[in-house]
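Just so you know, the sequences run in chain order A and B. So the first sequence is numbered by our numbering: it starts at 67 and just counts up by one. So the second sequence is numbered by our numbering: it starts at 67 and just counts up by one.
Take these hints with a grain of salt, some might be off.
Each pair may be met inside one copy or between any two copies, as identical chains are not told apart.
[Unchecked claim] Straight-line alpha carbon distances no greater than 30 Å define the calculated DSBU-like cross-link-like pairs of lysine-lysine that follow:
1. LYS141 <-> LYS273
2. LYS314 <-> LYS174
3. LYS82 <-> LYS273
4. LYS255 <-> LYS233
5. LYS100 <-> LYS328
6. LYS72 <-> LYS130
7. LYS174 <-> LYS328
8. LYS157 <-> LYS359
9. LYS273 <-> LYS130
10. LYS157 <-> LYS399
11. LYS259 <-> LYS141
12. LYS259 <-> LYS82
13. LYS328 <-> LYS130
14. LYS130 <-> LYS352
No lab work stands behind these hints, which were simulated from the structure alone.
There are 2 protein chains.
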Amino acid sequence: MLRYNKNPIITPAQVKPSRPDFEVIGAFNASAIKMNEEIILLIRVAERPVPDQDKYRVPLFDVKREHITFLEFDKNDEDCDFSDSRWIRTKEKSYITSISHLRVARSKDGLNFEIEETPAMAAANQYETYGIEDPRTVRIDGRYYITYSAISDIGITDCLAVTEDFKTFQRLGLVFHPDNKDVVIFPEKIEGKYYALHRPSTSVFGKPDIWIAESPDLLCWGNHRHLMGTREGYWDNGRVGASATPFKVDGGWLEIYHGATKDDRYCLGALLHHETRPWEIIARSKEPILEPKEIYETEGFLGGVVFTCGVIPDEEDIHIYYGAADTSICYAKSSLEEIMGSLEYYEK
Amino acid sequence: MLRYNKNPIITPAQVKPSRPDFEVIGAFNASAIKMNEEIILLIRVAERPVPDQDKYRVPLFDVKREHITFLEFDKNDEDCDFSDSRWIRTKEKSYITSISHLRVARSKDGLNFEIEETPAMAAANQYETYGIEDPRTVRIDGRYYITYSAISDIGITDCLAVTEDFKTFQRLGLVFHPDNKDVVIFPEKIEGKYYALHRPSTSVFGKPDIWIAESPDLLCWGNHRHLMGTREGYWDNGRVGASATPFKVDGGWLEIYHGATKDDRYCLGALLHHETRPWEIIARSKEPILEPKEIYETEGFLGGVVFTCGVIPDEEDIHIYYGAADTSICYAKSSLEEIMGSLEYYEK
Numbered sequence: 067m068l069r070y071n072k073n074p075i076i077t078p079a080q081v082k083p084s085r086p087d088f089e090v091i092g093a094f095n096a097s098a099i100k101m102n103e104e105i106i107l108l109i110r111v112a113e114r115p116v117p118d119q120d121k122y123r124v125p126l127f128d129v130k131r132e133h134i135t136f137l138e139f140d141k142n143d144e145d146c147d148f149s150d151s152r153w154i155r156t157k158e159k160s161y162i163t164s165i166s167h168l169r170v171a172r173s174k175d176g177l178n179f180e181i182e183e184t185p186a187m188a189a190a191n192q193y194e195t196y197g198i199e200d201p202r203t204v205r206i207d208g209r210y211y212i213t214y215s216a217i218s219d220i221g222i223t224d225c226l227a228v229t230e231d232f233k234t235f236q237r238l239g240l241v242f243h244p245d246n247k248d249v250v251i252f253p254e255k256i257e258g259k260y261y262a263l264h265r266p267s268t269s270v271f272g273k274p275d276i277w278i279a280e281s282p283d284l285l286c287w288g289n290h291r292h293l294m295g296t297r298e299g300y301w302d303n304g305r306v307g308a309s310a311t312p313f314k315v316d317g318g319w320l321e322i323y324h325g326a327t328k329d330d331r332y333c334l335g336a337l338l339h340h341e342t343r344p345w346e347i348i349a350r351s352k353e354p355i356l357e358p359k360e361i362y363e364t365e366g367f368l369g370g371v372v373f374t375c376g377v378i379p380d381e382e383d384i385h386i387y388y389g390a391a392d393t394s395i396c397y398a399k400s401s402l403e404e405i406m407g408s409l410e411y412y413e414k
Numbered sequence: 067m068l069r070y071n072k073n074p075i076i077t078p079a080q081v082k083p084s085r086p087d088f089e090v091i092g093a094f095n096a097s098a099i100k101m102n103e104e105i106i107l108l109i110r111v112a113e114r115p116v117p118d119q120d121k122y123r124v125p126l127f128d129v130k131r132e133h134i135t136f137l138e139f140d141k142n143d144e145d146c147d148f149s150d151s152r153w154i155r156t157k158e159k160s161y162i163t164s165i166s167h168l169r170v171a172r173s174k175d176g177l178n179f180e181i182e183e184t185p186a187m188a189a190a191n192q193y194e195t196y197g198i199e200d201p202r203t204v205r206i207d208g209r210y211y212i213t214y215s216a217i218s219d220i221g222i223t224d225c226l227a228v229t230e231d232f233k234t235f236q237r238l239g240l241v242f243h244p245d246n247k248d249v250v251i252f253p254e255k256i257e258g259k260y261y262a263l264h265r266p267s268t269s270v271f272g273k274p275d276i277w278i279a280e281s282p283d284l285l286c287w288g289n290h291r292h293l294m295g296t297r298e299g300y301w302d303n304g305r306v307g308a309s310a311t312p313f314k315v316d317g318g319w320l321e322i323y324h325g326a327t328k329d330d331r332y333c334l335g336a337l338l339h340h341e342t343r344p345w346e347i348i349a350r351s352k353e354p355i356l357e358p359k360e361i362y363e364t365e366g367f368l369g370g371v372v373f374t375c376g377v378i379p380d381e382e383d384i385h386i387y388y389g390a391a392d393t394s395i396c397y398a399k400s401s402l403e404e405i406m407g408s409l410e411y412y413e414k
């Protein structure tokens, strides 16, 4: 794994806020795809209202008035819990102190990006009042399908959108009910069905594991199967989730996934799915293929995090665009041989 | 609402345990449907191993050995939490102290039932290790589709099965990922699509509310929409969920749902869905149509609970089979006029 020596390639300072009274605090977790001769990132941009001396401000989408606004909380309000800078909790509700939207960036060389000045997609309905996050893009039949997490006080859901040009985007509805995150869709039908990996957050018995579902039409999903759990004693003993769109390799489908320890150190690893039975895992990385080491990965909004939503394989290399410390976007290059070499094969 | 004067109509004592070392502690929450000239209930039967003096016993399905077995915990084990008789919690896992299966009962008059001596469907795979619960039956194109909750240490999911005769049952897979409960399917396509109500249990922001999803084939579900939440100041201020298969009435679809207060008093009410846009609620019961009052409803395994999985409308009456106190099955009769009269219409 070779990190680019000028990492990060995109920082919050390079991203224009969506409005003058907001500031960008994160540009990270971008989907990545090659369209024509360009690399297109769809960046998760996290913003917050410019801080005020006396009040905490919480951004959110106002469904009735159809725009993003913010609430204010007196810093001395004893009915509110301000102890974690990411959240504000009142007796009735939890709020997030930032709101994310998706922003397009384009590059000819895959390293130097031109970032658009306005959001491509931003919170727009009741499921998105706390923002939209962590997009993944997959090309199917010449169209680009985007899955993303929608956050609101009615839960964390996964939505689907489609674009042909990364200029106009059409929402296609909620594909997984709350709570769910980390949806990636396989780029072609396998034996007549579409497949997706997803990560339900179960509230009573279950654990944050990866599941697989199938679909006739990309819109409706069923035959959910538990695919893969955490591993005691490994780098992914706390939680796991799909990360990048899987791609075909000799012997199956390769998925770059993320795993975290119980104290939230996020690394990347690989999975090999069976070619025609993607619900079977053949092999899994024993050690991470990328782990937080550099200062831009260990320090930031959430230090100790590398997380990808976008990997582009080509003839020679595997290009990994990854979020570092929930703050910036970095680039690293690996090879198919190196990633396949990380795999520990399951016993038959 | 007229309760049958010989309620309950089915008690645990009438149900033969599935094995001699188990005892039946609940026969409740049954789906109900008319097939030919019979009323067929699919009863949730909860069993537990016969209690031991020194040990707590937890029943579960052993996936590898493909049968139901039980674990034993020393009553003096300080690493286990035995404080709630429904659960045993260790550091690693939570267990349920009973396990449910589904049992067929048949009746000519709808009041006197012949209960089969063996389970119709019982835990049979990794998603069902803690049992299967709360079935709903819907007749579609001459076949009987059953949705039920499957409980295991990987979450609470909803499964689909189909039967033509209530003798052999075919599993059709998981239709909703964890955590989810209370799935009811509308009995016919509406403008070309199947619809189901479901109840995700969100873990971070959301609440236990009713959602609606659509499907082309009953197997895969999407376009999830939040349908209906709890109501402050009402009988359903704590949680809501669909209960019985909806049925067509003049002006829409009538759904008998359950609502609970914040301290878990479960009642039944009604919802009126728009005829062709079932994701629109037109009216909702202001007061419950049935609430726990009789001794068999207020006292039992979980007192203060009336809960239905099966309502049969006919020309004259609405026949309600309901679980009382998570212990027994009762019968009550209402009329369309009475139920429609409970509805408070939403303002346009």
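Status of each hint after checking the structure:
1. LYS141 <-> LYS273: between (35 Å within a copy, 27 Å between copies)
2. LYS314 <-> LYS174: within (24 Å within a copy, 58 Å between copies)
3. LYS82 <-> LYS273: Neither. Shortest intra-copy (38 Å) and inter-copy (35 Å) distances fail the 30 Å Cα cut-off.
4. LYS255 <-> LYS233: within (26 Å within a copy, 36 Å between copies)
5. LYS100 <-> LYS328: Neither: 35 Å inside a chain and 51 Å across chains, both beyond 30 Å.
6. LYS72 <-> LYS130: The answer is neither: 44 Å in one copy and 52 Å across copies each exceed 30 Å.
7. LYS174 <-> LYS328: Neither way: LYS174 and LYS328 sit 39 Å apart in one copy and 57 Å across, limit 30 Å.
8. LYS157 <-> LYS359: The answer is neither: 39 Å in one copy and 32 Å across copies each exceed 30 Å.
9. LYS273 <-> LYS130: Between copies only: 21 Å across, 36 Å inside.
10. LYS157 <-> LYS399: neither (47 Å within a copy, 41 Å between copies)
11. LYS259 <-> LYS141: So LYS259 and LYS141 fail the 30 Å test inside a copy (53 Å) and across (50 Å) alike.
12. LYS259 <-> LYS82: Result: close neither inside a copy nor across copies, 41 Å intra and 43 Å inter.
13. LYS328 <-> LYS130: Close across copies (29 Å), not inside one copy (40 Å); limit 30 Å.
14. LYS130 <-> LYS352: between (50 Å within a copy, 26 Å between copies)
Consistency note: the structure conflicts with the earlier hints numbered 3, 5, 6, 7, 8, 10, 11, 12.
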